[in-house]
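> So the sequences go chain by chain: A and B.
Quick note on numbering: the first sequence equals residues 0 to 198 in numbering that gives the first Met the number 0.
Quick note on numbering: the second sequence equals residues 0 to 402 in numbering that gives the first Met the number 0.
What the hints contain is simulated information worked out from the structure, not anything from laboratory work.
Each hint should be verified, as a subset may be incorrect.
[Claimed, not checked] Chain B stretches covered by chain A per the calculated footprint, using a threshold of three residues with CB under 8 Å from any CB of chain A:
{"no.": "1", "stretch": "123-131"}
{"no.": "2", "stretch": "266-272"}
[Claimed, not checked] Sample of chain A residues at the chain B side, in silico, Cβ under 10 Å:
{"no.": "3", "residue": "70"}
{"no.": "4", "residue": "71"}
{"no.": "5", "residue": "74"}
Idealized CB from N, CA, C, for every residue including glycine.
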Amino acid sequence: MSDTLSVALGFFAALAPFGGVRVFLASMSTPATTAPGPAESAKTALFGGCTAFALLAAAALAADSFLDTIDVSGGAFLFAAGAAMAPVAARLILTGESMATPAAAGKQRVQPWLAPVGAPLLAGPAPMVAAVAYAAHYGEVEAIAGAGIALTVTALILAVSPWVTRWLGGLGLGVLGRLSGGLLIAVAVSLAIRGVHNV
Amino acid sequence: MLFRSALVSIMFWGIFAVGLRASVIPPESCGAHSKQAIGRAATAAADWMIRNQLDDGRYVYLYYPETDETPADYNEVRHAGVTMALYQAGGRLSSREAIEAADRALAWMQENTERADGWAALAPGGTRAKLGSSALMLVGLAERRLATHDPQHDGLMVDLAEFLASMQRPDGGFHIAWDFTKDKPDTVGTSAYYPGEALWALALTHEAFPDQGFDAPARDALEFITERRDDVEDIEFPPLADQWAAYGIAEMIEWGLTDQQVDYADRLAARFGLLVRTESQREGSWYGQALRGRKARASGVGTWAEALSSLWRASTQDERLAHIQPAVEERLECVAGILARRQVSAEEAKSYPRPGLAEGAWFGRGETRMDDQQHAFSGLLYTLDMLNDNPTREPTLPFPVPQ
């Protein structure tokens with residue numbers, strides 16, 4: 000597997016789109032509206048994905064300066080990135096969700112694509128540390144390209160999430176969310192091992 | 000509600016980040032690593048080895064500054080290692096004093112050399128010849144030959160190499176010693192590091208005498224080290240951090256290595272890289288030291304610099320290792336900086352009971368041992384090569400043999 004695809008897979012695991020579907024939908028809901036329409040879902044997913052991409056790209060570009068500032072080598076940070084993914088992975092495995100679902104707002108939220116979708120749902124702690132770790136290990140271009148690929152797939156899943164939710168049901172979504180946690184654990188362990196085996 | 004939830008989340012991740020910083024990624028510090036500082040540290044270490052040679056050619060083995068004692072313990076493998084480092088100093092620093100001191104140490108080894116069946120081996124006491132001591136004696140002689148171009152010990156070199164070859168097992172590993180009382184090798188004991196020492200010695204001997212056929216046992220030894228040694232020695236975290244194997248790989252890289260051997264070199268670089276990163280975390284903060292345990296002694300840290308400089312050299316000659324070069328350079332500069340910072344300066348040495356035993360030395364666990372200076376010296380010397388972008392380990396000009 001090429002470096003970029005490997006990075007994309009890592010980002011996809013960290014983004015865990017199936018674990019974020021409920022939060023995504025809830026961010027656009029009010030007590031009066033049970034589910035957003037396809038157009039609104041697509042718009043929120045697109046803008047949220049772009050916001051997250053900007054944040055992850057910025058993290059990747061700032062990786063070297065950030066690591067210099069905190070006096071940590073890239074190899075050591077890989078190990079830390081693996082450790083940082085553990086709480087999110089544990090949450091996914093236990094609940095099937097990457098973060099707590101916010102209660103429906105009394106009125107329509109202003110710019111849900113920015114918060115909570117852009118951040119922290121997509122550009123949350125796990126993808127952000129992944130961006131720094133991958134940029135330090137593989138290079139900024141690979142990290143940004145990998146983030147772009149993973150976010151595109153994630154945004155597509157979120158855009159069709161009303162349909163996915165109807166099709167899979169709560170149980171199916173929960174299972175996929177928990178499987179996302181398993182995948183994230185695998186990525187976290189792989190990052191930690193890579194950190195140990197790094198010069 | 001949303002604000003409270005966000006606040007809790009931020010607090011959780013804040014505490015988690017602090018915990019991660021303290022427990023997983025404490026700050027790394029690499030000390031001063033200018034060429035000048037590293038060069039000065041190397042010279043001071045060589046001076047320590049010269050200055051602390053005894054009248055009979057041996058060296059001060061151990062020094063405890065707290066009690067101002069120099070115990071009578073000795074180890075001939077380390078004697079050969081320090082002598083090897085002095086020949087390196089002689090050739091690379093053009094130091095007449097280093098060559099003269101090493102020649103006195105060589106005379107002690109020659110007096111303690113036993114011969115049998117066409118081979119020679121270093122065996123103080125005449126009952127047991129350890130593989131490692133003869134291997135390092137041979138490396139020292141090879142370094143002397145490279146430094147001086149003097150052929151007077153060529154016969155001894157070949158005889159020592161014959162001893163190493165005769166001790167090789169069918170699997171490419173080595174018996175650890177020859178038992179003169181039974182007139183046969185010790186077939187029970189094993190040593191993790193002796194195969195690497197023998198590998199490098201045989202490789203250097205083949206470079207010196209290409210027609211003698213010592214490349215075959217060297218290749219067998221490399222195959223054993225890269226494919227079987229970690230299992231045979233039951234190494235808990237393979238590959239074994241063996242700088243001798245790294246020296247051997249750097250020497251043999253131009254012979255052509257298999258992909259598996261190159262992969263081993265890659266993993267070996269990672270092993271040493273991890274050790275350097277961990278040590279730099281010990282160096283970087285009090286909590287880093289508390290977490291990572293006490294600092295490694297210079298004989299250990301020096302070997303990391305020796306290994307990484309060897310692997311750097313290999314990476315300049317084989318495209319398959321080119322990808323490790325930037326990281327190896329970073330780690331090498333770091334470990335040399337740590338060594339330079341920890342060395343006892345002339346000013347600091349004045350506070351010791353015997354400043355001559357402290358200046359240029361590294362102390363750990365309340366003592367300095369002669370191989371602390373040996374390994375640190377060699378590591379610093381070859382780090383300078385990396386900093387000067389010099390992939391050639393041998394001295395460029397022969398140094399006249401002292402009369």
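> Using a Cβ cutoff of 8 Å, are there at least 3 residues of the stretch 266-272 of chain B near chain A, or does the coverage claim fail?
holds (count 5)
> Quick check on residue 74 (chain A) please, does its C-beta sit within 10 Å of some C-beta on chain B?
This hint holds: residue 74 (chain A) lies near chain B, its Cβ roughly 6 Å from the closest one there, short of 10 Å.
> Holds or violated: is the Cβ of residue 70 (chain A) closer than 10 Å to a Cβ in chain B?
At 4 Å from the nearest chain B Cβ, residue 70 (chain A) passes the 10 Å test, so the hint holds.
> The hint names residue 71 (chain A) as touching chain B; please verify it with the least Cβ-Cβ distance against 10 Å.
holds (5 Å)
> Please count how many residues of the stretch 123-131 of chain B have a CB within 8 Å of a CB from chain A and say whether that reaches 3.
violated (count 0)
The structure fails to meet hint 1 from the earlier list, while all remaining hints are met.
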